[in-house]
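Now for the letters of each chain:
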Amino acid sequence: MGTFVLQRLLQSIGVLLAVSLVVFLAVYAIGDPVELLVSQEATELERDRMIQILGLDRPIWEQYLTFLGNALRGDLGQSFVHGEPAIQLIVSRMPATFELVFFALLLACLVGIPLGLVAGLHSDSRTSRIIMTGSILGYSLPNFWKGMMLILLLSVWVHWLPTSGRGETVTVLGVPLSFLTLDGIRHLVMPVLNLSIPNMALMTRLTASGAAEARLQDYVRFARAKGVRPQGIVRRHILRNILIPIVTVVGVEFGQLIAFSTITETVFAWPGMGKLLITSIYRLDRPVVVAYIMMITFLFVIINLTVDLIYAALDPRVKLMERAS
Amino acid sequence: MSRPERPVDPMFVPPLVKTPRRSFNLQRLKRRPSMRSAVIALAVVIAAGLLLPLLAPQDPYDLNSFSVMDNRLPPGERSMDGLTFWLGTDSQGRDMVSAILFGLRVSLLVGLTATAIALTIGVTVGLFAVNFGGKIDALLMRLVDFILGFPSILVALVLLAVMGRGVDKVVFAIVAVQWAIYARIMRAAALVERRKEYVEAAQNLGYSNGRIMFRHLLPNSIGAVLVVATIQVAHAITLEATLSFLGVGVPVTRPSLGLLVANGFEFLLSGEYWISVFPGLALVVLIFSLNLVGDRMRRAFEARRA
Amino acid sequence: AEALRIALASEPTAADPHYHNVSPNNALGKYIFDALAATNADQKAVPGLASSWQAVDDTTWVFKLRSGVKFTNGDPFDVNDVIFTFCRVMNNPQSVAGSFTPYVTAFAKVETPDNLTLKITTKTPDPLIPEKLAEIAILSDSIVPHGEITFDLEKKCGVTGEWPTLAQLNSGEATIGTGPFKLVKYVKGAGVELVRNDGYWGEKPAWDKVSLLPVPNAGPRLAGLLAGDYDLIESPSARDANNLKKDPKFSITTKPSNRVIFLQFDIERDKSPFVETADGKNPFKDERVRRAVSLAIDRNVIVKRIMDDAAAPASQFVPETMFGAQPKPEPLVYDPKKAKELLAEAGYPNGFKLTLHATNDRYINDGQVAQAIAQFLNRVGIQTEVDAMTSSIFFSRRSKREFSLSQGGWGSSFGGASNFLTQFVATNNKNLGTGRSNYGGWSDPEFDAVISQANATIDEKKRSELLQQAARMALKSLPDIPIHFESTIWAFRKGLSYEGRMDQYTLAAAVKPAR
Amino acid sequence: MTSPLLDVRGLRTVFHFLDGAYTAVDGVSFAIRPGEVLGLVGESGSGKSVAGSSLIGLVDPPGEVIAGEVLFKGRDLRRLTERELRQLRGKEIAMIFQDSLAALNPVLTIGEQMAEAVTEHAEVPPAAARERAIAALRQVGITSPETRIDQYPHEFSGGMRQRVAIATALLNAPDLIIADEPTTALDVTIQGQILAEMQALARTTGTAVMWITHDLGVVSELADRVAVMYAGRIVEIGDTDDVLDRPRHPYTRGLLDSIPAENAPGSRLRQIEGAAPTLARRPAGCPFHPRCSRALPVCQEQEPGLSEGERGQAWRCHNPQEPLP
Amino acid sequence: MSVGTGAPIIALEGLSRTFQRQPVLAERLLALVGRRAMPAALQAVSDVDLTIHRGEVMGLVGESGCGKSTLGRMVSGILPPTRGTVTFDGRQVGDLSGRDRLAYVLGVQMIFQDPYASLNPRQKVGDIVAEPLRVHGMAKGRGEVTARVDQVLAEVGLDPAYKERYPHQFSGGQRQRIGIARALAVRPRFLVCDEPIAALDVSIQAQVINLFLDLRDQHELTYLFVSHDLSVVRHVADRVAIMYLGRIVELAPAAELFAAPAHPYTRALLAEIPSVKRRRRRFEAVKGELPSPLDPPSGCTFHPRCPFALPRCAEAAPALQEISPGRLSACHRNGTI
Ligand SMILES: Nc1ncnc2c1ncn2[C@@H]1O[C@H](COP(=O)(O)OP(=O)(O)OP(=O)(O)O)[C@@H](O)[C@H]1O
Ligand SMILES: Nc1ncnc2c1ncn2[C@@H]1O[C@H](COP(=O)(O)OP(=O)(O)OP(=O)(O)O)[C@@H](O)[C@H]1O
Ligand SMILES: [Mg+2]
Ligand SMILES: [Mg+2]
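Line order of the protein sequences matches chains B, X, D, L and R.
First residue of the first sequence? That's 199 in my numbering, and the numbers climb one at a time after it.
First residue of the second sequence? That's 128 in my numbering, and the numbers climb one at a time after it.
First residue of the third sequence? That's 168 in my numbering, and the numbers climb one at a time after it.
First residue of the fourth sequence? That's 167 in my numbering, and the numbers climb one at a time after it.
First residue of the fifth sequence? That's 715 in my numbering, and the numbers climb one at a time after it.
Please keep in mind that the hints were generated in silico from the structure rather than gathered at the bench.
Since this is a predicted model, take the numbers as computed values, not measurements.
Don't be surprised by glycine CBs; every beta carbon is placed ideally from N, CA and C.
One or more of the hints may lead you astray.
Think about it this way: if two alpha-carbon atoms lie no more than 25 Å apart in a straight line, the pair counts; the simulated BS3-like pairs of lysine-lysine are [as the list claims (entries may be wrong)]:
#	chain 1	residue 1	chain 2	residue 2
1	R	K877	X	K323
2	D	K679	D	K371
3	D	K416	D	K661
4	D	K520	X	K296
5	D	K371	X	K296
Chain B regions said to be covered by chain L (calculated; three or more residues, Cβ under 8 Å) [claimed, not checked]:
#	stretch
6	423-432
7	438-446
8	506-514
Modelling step: build the complete structure from the supplied sequences, incorporating the hints.
Take a look at the structure:
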């Protein structure tokens, strides 16, 4: 157990190093941030001063080493554009994204698991077929287009929901939250829906295939041979078994959604980390891009580790050490 | 025993355990999709996408064949030269019907080539990993984990931001993020196969590594990969559309469906819905049908294995 | 009376007015702060915190400050605040590219004959001092401990404490101004909240409360207006605006902006990367080819079809109303026949292959304009591809001179006609600071002489003539081709009015409830 | 002679396929008396498991029991509702399957799965159910059942899991246990342990057992009566001594002859030529005739009826072996 | 049948095989600071000495997981041993290379337990058998290959007309024949049969056993015949080795072993084999469970289950000793029980 965690942490250090190097070089290759930052009126002198302040005059490997050195001290650099520490900038956007992702996942589970159970337990019924085909449609809709259609439908045509932004927030323990006010909820609905639909589909399919699979297992037959009631079979035997993959997938999806919220946040002008990333890429705000990707990577490492631990806790069959290999 | 990986694709939900023999029943049997019909359906969709542009009234890539004077005409209007625009025109005066047909082809081509290349790379990597094992395997799989650990859209976005626009570049970016999927599936499938006794028999008969790899392991483990590939075509198309939507995809003068949608985005709210809604619908229909066919193939494949 | 909710197209990156010299930040600065001069809707310098000024000689300016003005913390406004601000501009290490420092470094000395008089001596003659000072938001010296304040950069002008930081200004702690509004909250990505400054010296705004909400996509911005989430929005697409006109619940304002969209040729090089000619040479070295390109483009169609009339065809580099513009420039006409003739004359009867590079997210409809231009060029035989990219890539590639023909945009935020010509047409000269954006490498010593003379002439009439002369020279050789001037559009609900501004700022103080 | 506990008459189970229904169990009749062990032998695919499942209504679609009576203590189980059947299963008739790893739910503890069999049939407090489970585990020879009961199936060896399955079947002191090849996957020494326990239990509790297997040796040592199945039919049935020592059906004879131990070491074994027919390709007439060395022309056309001999021995053959002395 | 008369064809000396997972970085680090041991090793086969003579059938019996297949794989060269040597025709296999190596690889062929998994499902039967001929150029030209394939198929009792079919179109017994044909195609001299009949139906088992017996006579083959079914081994084998947890515990001519088993484990096995001769037996089981090979008992690994165990058995592992000519047994109580 301890070895397993240690091994994972060792691996993640390697991954973080690799990521930082790749991203550093990539953003370097995109373009020269000074060109965007310095006003055209600025004199050559001012320009050079700026380049010097940002450290862009030094060779790339030196810039990278400096960055690494600072990163070890927990400093991922200052945003070129905002002049704030990149981490602080990203952290300040985190609650918005997390809120979005949390509710998207919650919705996905609340809708997907029951639908999946219905579809999986009666896998030959018409309802099941409709659910399964619907789930295919669910992730065939490109995110951006779906967002547009939601806006067109719910905002422009029927005027039910606001189109964008985060609405009124309430600060709880220093974290601004939308879902505590009516206005906030109204703003939350569409982005959450947009982000959630493919995951509903995923949850539905996962549950359905799990349930369809599980209900044919010998232990279900054995349970029936023991005279266990159908509800008991679903609750104790089927649900318990498929919950394991579902919980782990939810964990992994959490990370993916944080990354994929980028598009939803762009379409709905949701002030989260994803939007920050897109603007930062466009503005060549290298420290923010690098910090963002590193933080996401770190987050992934943590999430994956947590997921593995949860999985191990949930599934008695797993021996952690076996998987360290 | 390890936890199920995140399905690289929501379509590809791995079964929890192997299907026991008593798994099928009558209804399911009746509807059990045969691999052949699914493949035919897929071929039809692809052929249609590739050939339909021949029917297009105009060449939307030839800047001389349309005029900005005809731009943003609603569906059914006629051009100055008497051509009827059944689905209207876009902001450059392109006939939407032609643009959608050509866009469909670009989307499909990107999806197919990207998938084909990624598949080839992934399969080779997966096979090598299995065959050489040990350090090489570990290294390759760490690389795969590394790539799969990243949200594909971000990687592709950064790559394209570096490289600029172009169909070839989009394909490259998609390949870069997708080959790892095939590598992992191939490796998993080949690992299972390699434990089978016929591989030992092959070793026992003194066959070379290459022969075992490509003549024995490959044909037996490629099935799962091919099934995933059909679904990945749809994925690649979505990815391309999204990238084009974000402004880093194909060139503006050669719009794919995604780019058409993006171009029409700003006109959506002013009532010129056709510029983005029709290509969007075409995109959805394309992806949906590919996914549907992919799903059938997957089911047929699993049914066959069971 | 009530609250006003404005949807911004781009978000300010700081509430510190000296942080970065870019439009969204400057516009926000105008809510909270004043400068010595103000600019009116047509970009003319008008009295601000200085009630009057005068150029005593070529390098000396005297500003009379307004009396009785108070900062929102009660501190009275006087010359010390001005000098403190100048010094703060110079002592703001976090600022991006030393944003406003060039303005201050141009001063040789700043004297204060009395509490409300400021005498500024510049190092070289600079006719644009009032316009430049209109850009520098005045902070209160009360936000830092200080001794006697003098314009002595070496001695930090007498400031004894720490200079105010970006964070202090973003949080509102040091955001003390004399402007029409007070900052309540600035949250990155989520917007800015302001309340009226009841002690404002000028005309009081009609709004108790203003929220500025960043909504970068035009679609959602408009949808938000339609849905009643915003009272006023910036830059709806022109097409939408035209539809809004028909809606009795909304109205719009269109105002020509200072921004010109233009093409820039690669002239200096003998071979250019993105043209393919039969002879392998760079055709753009030939003035006739450049003229042919201009003749091939129907600016009216672009304005009408792509810009939906929210633009004006350009025959020079600044709008007619701007200082130094030609009142009646010779129109740049559409004449494809003539264009073909010129091409044939230049040795390209069959045209050549070309890639036009453009942005796709920087200017209004930039990608589409580029495609339309490509269409037109195709018609005269120049087979043109368009490569439209995101501006971050475009700008850094352009600065590396990677393009053969690029489509750019430029807003002459001050200096009238001289600005564009100095930046884009004059020969690149690091010492003089001219031609910084002359990526095509065109160079004409005669033109350079005229423009530098204009830039050192204080006398307005003479300067204007010189500028017109320079512009005529540039339009004759066409190293750049103007296409159109963008108009800025504001859309708002019925019951409001906004006259619009050439500098594209959206200022709540100027939004009036219509009666 | 006691009246039979279970009396099966003309049981017929088919599987529906696209091109029609195929008969997997074809008119099977047999009886089991209380405390008796009936061995059901036959090769793979001969219909042993389907016959076993058909008894208690555990054939799932596309399978269907289409004819016959299953008289259990005089009640025809085929006429019971699913609810009534469920109450019977696990209480009066228990079933054990071949693969104990698959038959035990991997994510539930042994205790949970055993207690379930108790609580589903009686209002028993959880603690009491647990006590009963512990007692049953002790009964099948599992040491320190108090701790073992909270472990998961994977923590048990194959033999112990099989014993858990047996213990579960015993919980409600059923009258009949249907054991479907429960020792096939085990080693001989472990198989010996299980057989010993089963035997002891049948002796002490008077429970009747239907033991399904393909191993003639096991049947010989365990069963009171033997039924031999071939292609869905019982081709021979009778007391163990009669069937194994004096088989009448050529198939039974062939099976016995091909056992190595019945032949001199190193000599060629007597073998039955060919392979058993698949479900879809059952020959007309006597299904065994293509492989039968004693086949007559009539065998190709006409299915042989049941002939009866002494002590209830019966066979289906047109040309039976003469009983050996 | 003569026992041990021919020249040795395969000789195993101190043959051992351990399976051990590569330690991960973290484990190596922890081991460095002395915090934790490296991953446990699984001793699948330990110290096996065995000589098999030409023309002989050596039976190998033991419970599941005792290392029978591992031993078989090492003999046929699929799996390299961790320690010890395999000698083929008097030459150490480890030293062979090139043609000699190939001669060994082809000379020792393996027949696998699972007739379903041991054939490549995507190859036609004809190709399965022809492939080794083509690869090693053992038959020249189309005609010769076809002739040889037909011949081998006929030898194992398959109609050459089946060549165009795929393995899934055959029954288990037929597939096992295909596997045998594939091995015979390269004219092996030694066959390792790894439980070749375990997966077959009762009535088919006899057919395949007969085939093995026939082939042995026709081709002068030598067999290592692995099985857990003692009655089968008794029928086919000349000598029998009994394995328990990776070690050979008893080795004897078949007839002697079945007549008078020496080792307690062999006795238990013999007692437990179900026989149609016995009726309504009162079962009395061997006590205890199979130990895990990862954590084998100390001393004699059978001692926890042995009815005759002495305190000494828990301490020292008994060596394989000759108890009478040609008979070996590894027990501390050899000769006293
Ligand atoms: N769910 C099912 N669907 C279709 N056919 C089935 C199903 N279950 C069993 N069969 C068929 O019914 C026949 C009898 O099967 P059954 O499982 O009873 O055989 P068995 O004698 O138990 O064999 P084994 O020894 O392999 O367990 C076989 O031909 C089998 O293929
Ligand atoms: N490749 C391997 N990696 C790790 N352990 C292995 C490997 N192959 C075999 N083992 C282990 O070695 C031991 C002996 O296995 P082997 O397959 O030789 O047993 P066996 O006697 O053939 O058993 P069976 O009768 O089940 O075939 C087992 O515990 C097995 O788990
Ligand atoms: Mg069965
Ligand atoms: Mg084995």
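For each hint, the structure was consulted:
no.: 1; hint: R:K877 x X:K323; result: holds, 22 Å
no.: 2; hint: D:K679 x D:K371; result: holds, 11 Å
no.: 3; hint: D:K416 x D:K661; result: holds, 5 Å
no.: 4; hint: D:K520 x X:K296; result: holds, 22 Å
no.: 5; hint: D:K371 x X:K296; result: violated, 56 Å
no.: 6; hint: 423-432; result: holds (count 6)
no.: 7; hint: 438-446; result: holds (count 3)
no.: 8; hint: 506-514; result: holds (count 3)
Hint 5 from the earlier list is the only one contradicted by this structure; the remaining hints agree with it.
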